[in-house]
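Mind docking chain B on chain A? Use the hints.
Residue strings, one per chain:
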Amino acid sequence: MALDRWIALVFLILCLVYGYTAFFVMDAGLPPFMQRNPIWPSSFPKILACLGVVVSLVVLLGFEKSDKGHVASDINYRRLHEYKLGQALTLIGAMVAYALLLRPIGFLAATFLFLVVGGLTLGERRYVLLAAIAAFATGVVWYLVQQVLGIFLSPLPSFLPHIL
Amino acid sequence: MLEGFLIGITTAFSITNILMVIGGCLIGTFIGMLPGLGPMSIIAIMIPVAITIGDPSAALILLAGVYYGAVFGGSTSSILINAPGVASTVATSFDGYPMARRGEAGKALTIAAIASFSGGTIGAILLMIFAPMLASVALLFHSAEYFALMVVGLSAIAAFAGTGQVGKALMMTILGLIMATVGEGALFNMPRFTMGIMDLQSGFNFITLAMAMFALPEAIYLVLDPARSKTKGDKDGGKISGLRITKAEAKAIAPVIGRQSIQGFLIGVLPGAGATIASFLGYAVERNLATKEEQKHFGHGSIKGLAAPETANNAASTGSFVPLLTLGIPGSGTTAILLGALIALNVTPGPRLMVDKPEVFWAVIVSMYLGNLILLILNLPLIPYIAKILAVPRTFLIPFILFFTLMGSYIGQNNSTELLILIGLGVCATVLRFADYPLAPLLIGFILGRMLEDNFARSMQLYDGVGFILERPMTLGLLILAGILVLLPSYRARRARMRARGIADGD
Numbered sequence: 001m002a003l004d005r006w007i008a009l010v011f012l013i014l015c016l017v018y019g020y021t022a023f024f025v026m027d028a029g030l031p032p033f034m035q036r037n038p039i040w041p042s043s044f045p046k047i048l049a050c051l052g053v054v055v056s057l058v059v060l061l062g063f064e065k066s067d068k069g070h071v072a073s074d075i076n077y078r079r080l081h082e083y084k085l086g087q088a089l090t091l092i093g094a095m096v097a098y099a100l101l102l103r104p105i106g107f108l109a110a111t112f113l114f115l116v117v118g119g120l121t122l123g124e125r126r127y128v129l130l131a132a133i134a135a136f137a138t139g140v141v142w143y144l145v146q147q148v149l150g151i152f153l154s155p156l157p158s159f160l161p162h163i164l
Numbered sequence: 001m002l003e004g005f006l007i008g009i010t011t012a013f014s015i016t017n018i019l020m021v022i023g024g025c026l027i028g029t030f031i032g033m034l035p036g037l038g039p040m041s042i043i044a045i046m047i048p049v050a051i052t053i054g055d056p057s058a059a060l061i062l063l064a065g066v067y068y069g070a071v072f073g074g075s076t077s078s079i080l081i082n083a084p085g086v087a088s089t090v091a092t093s094f095d096g097y098p099m100a101r102r103g104e105a106g107k108a109l110t111i112a113a114i115a116s117f118s119g120g121t122i123g124a125i126l127l128m129i130f131a132p133m134l135a136s137v138a139l140l141f142h143s144a145e146y147f148a149l150m151v152v153g154l155s156a157i158a159a160f161a162g163t164g165q166v167g168k169a170l171m172m173t174i175l176g177l178i179m180a181t182v183g184e185g186a187l188f189n190m191p192r193f194t195m196g197i198m199d200l201q202s203g204f205n206f207i208t209l210a211m212a213m214f215a216l217p218e219a220i221y222l223v224l225d226p227a228r229s230k231t232k233g234d235k236d237g238g239k240i241s242g243l244r245i246t247k248a249e250a251k252a253i254a255p256v257i258g259r260q261s262i263q264g265f266l267i268g269v270l271p272g273a274g275a276t277i278a279s280f281l282g283y284a285v286e287r288n289l290a291t292k293e294e295q296k297h298f299g300h301g302s303i304k305g306l307a308a309p310e311t312a313n314n315a316a317s318t319g320s321f322v323p324l325l326t327l328g329i330p331g332s333g334t335t336a337i338l339l340g341a342l343i344a345l346n347v348t349p350g351p352r353l354m355v356d357k358p359e360v361f362w363a364v365i366v367s368m369y370l371g372n373l374i375l376l377i378l379n380l381p382l383i384p385y386i387a388k389i390l391a392v393p394r395t396f397l398i399p400f401i402l403f404f405t406l407m408g409s410y411i412g413q414n415n416s417t418e419l420l421i422l423i424g425l426g427v428c429a430t431v432l433r434f435a436d437y438p439l440a441p442l443l444i445g446f447i448l449g450r451m452l453e454d455n456f457a458r459s460m461q462l463y464d465g466v467g468f469i470l471e472r473p474m475t476l477g478l479l480i481l482a483g484i485l486v487l488l489p490s491y492r493a494r495r496a497r498m499r500a501r502g503i504a505d506g507d
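Respectively, the protein sequence lines represent chains A and B. Its first residue numbered 1, the first sequence is counted upward by one per residue in UniProt numbering. Its first residue numbered 1, the second sequence is counted upward by one per residue in UniProt numbering.
Treat the hints with care, since some could be wrong.
[Unchecked claim] Simulated restraints on C-beta separations:
1. B/A496 x A/F136: 55 to 65 angstroms
2. A/V54 x B/Y463: 22 to 32 angstroms
3. A/G86 x B/L373: 46 to 56 angstroms
4. A/L89 x B/I18: 50 to 60 angstroms
5. B/L19 x A/F152: 24 to 34 angstroms
6. B/L488 x A/R78: 28 to 38 angstroms
7. A/V148 x B/L289: 36 to 46 angstroms
8. A/Q147 x B/L373: 26 to 36 angstroms
9. B/T246 x A/V54: 43 to 53 angstroms
10. B/D225 x A/A97: 21 to 31 angstroms
11. A/G62 x B/A44: 42 to 52 angstroms
12. B/M133 x A/I13: 46 to 56 angstroms
13. B/L373 x A/I13: 48 to 58 angstroms
14. A/R125 x B/L488: 50 to 60 angstroms
[What the hints assert, rightly or not] Covered stretches of chain A, going by a simulated chain B footprint (3 or more residues, C-beta under 8 angstroms):
15. 32–39
16. 51–60
17. 86–92
18. 100–110
19. 118–126
20. 133–141
[Said to hold, decoys possible] From the derived model, a few chain B residues whose C-beta atoms are all more than 10 angstroms from chain A:
21. M128
22. F141
23. E471
24. L481
Just so you know, the hints here were simulated from the structure itself, not pulled from any lab data. Every residue gets a Cβ at the ideal spot worked out from N, C-alpha and C, and that includes glycine.
In isolation and in its complexed conformation, chain A is listed as follows (with noise of 0.2 angstroms):
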């Protein structure tokens, strides 16, 4: 089975849990007085899932025929080793270090790093150039959004005390 039609199965899933939640989850806690209006929390939820079941449904058994076949997407997933699956997925792993690390270790050291970690994991070699384009952007970008636009952005690790 394709990859488009997995998800559509997953997407059919995921219809069927949100149906059952609109139709029989939801209402058991609607106050009586809500119980009068045309109109419930769980009414369009409810009109959603019918509509999402039925067009899963076409694509899972594939009623809708394309001229072309399978349209070419450009990057072929069944041969995603091919690419560089290495460095991408480093970067993601980079990404949520990052969102991990930007309130314990505070904003100015981990963007730092998290530049600095994606330009080597890209290939760049430059060690010097790198960590002063770093160290640079990093300081812009703290000055513009904190001092200049008023948006606290906790520069300092969460154990020191707020300084700056």
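This is chain B only, laid out in the frame that chain A set:
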């Protein structure tokens, strides 16, 4: 009218006010380029500055300049790095980004600047002539018609996804609508589908979703396939060629600009519709009007496909001032913030504004011409420098795109869980892109979802059931149109197949 216009000119052309427009446009353009900060947040940030100015005309002129600048700045990030920070520039990235990848970033930005200028200027002329009349037309549109209009918009987007793709596009639209129901809506005042996660209490954040659907998958694609990031510009040693548009291209986009200025303006007048719907509908309409040959280019760097949403969103931004200035009803989030600023400045917009404070009313209109002109003068010479961003080596460019994407959703929420949601959604979006699922319908479904449900609920309450569909002819007509739009492509494909088979059989 002429007298009022003269008052406007004398007010707007004072040195302070000209400086206000220039300053506003500059600030708006630069902040608008950062994905994540749209016109709404920039205007909100600028309100304290505007209030300290004290003079309502000057303050409003400054804010209008910021607004226009931000709309233009938003299209720059859509075109260059496929990161639309504003809902109304999502449609710009459909054709603008492919153009930039082809090495025509300079041309794409020029077309965007000219289309924005024309849309804004024609919009301002229409505003001047029709403001009082249009206010009464806008009142004829009830929630039932808004609901139907949005259904038409969503069906049009799905229907134009291409042969064999309508089902997938509809699936994505419904997924977007489903995601819009997550969180606590104002309508029912109860959390829905939050799965007990506190961070989903207020629903998915628009900017997070936009970044996850467009910027992140694109960055991941750039990493996976290094050949993608080599635009034509690289081969010329980073020189941005083809900044000018040819006569033939100008001829091709002129009718698009003409039509979309008017259509965008009219949609902008409707409260609640605004620049986003105008840009999507503009794109869909122009695609449908184009010849078969031109239709193939849509989504792959068509100049018409770029000019249409850019014209429409600026014309609609101007149009959205009509209900604000004449009725005191803000038509969009941005004008709602402007209304707040006006009230803080002791000006009450409404039918009396034109009579009581003509200088404010007309100064704003004149400043629109001025703002558009200044944006054009400021931006055209800057375009080669802005487009140079693409010549940055990928080892620097990609980490920066990722960082700005992360920042975009972090600034708005100041919450690092938002970043994890962003990364999760971004990975899902990449998988969807592998399987050729169009991602734009998902985002459009999400943007319109809340409004769609609100209007649906309001109509249901007013008519005590689904009777409004039959009782309001315009609603019924629009819904039938939506149905036809969805079914037409598969009917056409089926007929074409039957015909092809007939010929093959020797028929």
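Comparing the hints with the structure gives:
1. Distance hint check for B/A496 and A/F136: the Cβ-Cβ separation is about 58 angstroms, which falls inside the suggested range of 55 to 65 angstroms.
2. Under the hint 22 to 32 angstroms, the C-beta atoms of A/V54 and B/Y463, about 26 angstroms apart, fit the expected range.
3. With their beta carbons about 51 angstroms apart, A/G86 and B/L373 fall inside the hinted range of 46 to 56 angstroms.
4. For A/L89 paired with B/I18, a C-beta distance near 53 angstroms keeps the hint of 50 to 60 angstroms intact.
5. In this structure the hint that B/L19 and A/F152 lie 24 to 34 angstroms apart at CB holds, the actual value being about 30 angstroms.
6. Against the hinted window of 28 to 38 angstroms, the Cβ-Cβ separation of B/L488 and A/R78 comes to about 33 angstroms, which satisfies the hint.
7. With their beta carbons about 44 angstroms apart, A/V148 and B/L289 fall inside the hinted range of 36 to 46 angstroms.
8. At roughly 32 angstroms, the beta carbons of A/Q147 and B/L373 sit within the given window of 26 to 36 angstroms.
9. Separated by about 47 angstroms at the C-beta atoms, B/T246 and A/V54 satisfy the suggested range of 43 to 53 angstroms.
10. At roughly 24 angstroms, the beta-carbon separation of B/D225 and A/A97 lies within the given 21 to 31 angstroms, and the hint holds.
11. A beta carbon spacing of about 48 angstroms between A/G62 and B/A44 agrees with the range 42 to 52 angstroms that was offered as a hint.
12. In this structure, B/M133 and A/I13 meet the distance hint of 46 to 56 angstroms, their C-beta atoms being roughly 52 angstroms apart.
13. Range check, B/L373 to A/I13: about 55 angstroms between beta-carbon atoms, so the 48 to 58 angstroms window is met.
14. The supplied range of 50 to 60 angstroms is met by A/R125 and B/L488, whose beta-carbon atoms lie about 55 angstroms from each other.
15. Residues of the region 32–39 of chain A lying with their CB closer than 8 angstroms to a CB of chain B number 4, which satisfies the three-residue condition for coverage.
16. With a cut-off of 8 angstroms between beta carbons, the region 51–60 of chain A has 6 residues touching chain B; three or more are needed, and the interface restraint holds.
17. Note: the region 86–92 of chain A has 4 residues with beta-carbon separation from chain B under 8 angstroms; the three-residue rule is met and the coverage holds.
18. Proximity of the region 100–110 of chain A to chain B, defined as three or more residues with a beta carbon under 8 angstroms from a beta carbon of that chain, is established by the 3 residues found.
19. With 5 residues having a Cβ less than 8 angstroms from any Cβ of chain B, the region 118–126 of chain A passes the three-residue criterion, so the hint holds.
20. Under the rule that three or more residues need a Cβ within less than 8 angstroms of chain B, the assignment of the region 133–141 of chain A holds, with 3 such residues.
21. The Cβ of B/M128 lies farther than 10 angstroms from every Cβ of chain A, with a closest approach of about 34 angstroms, so its non-interface assignment holds.
22. Against the 10 angstroms criterion, B/F141 stays outside the reach of chain A, whose nearest CB is about 20 angstroms from its own CB.
23. Annotated as non-interface, B/E471 keeps its C-beta farther than 10 angstroms from every C-beta of chain A; the closest such distance is 14 angstroms.
24. Non-interface call for B/L481 relative to chain A: holds, since the shortest CB-CB distance, roughly 18 angstroms, exceeds 10 angstroms.
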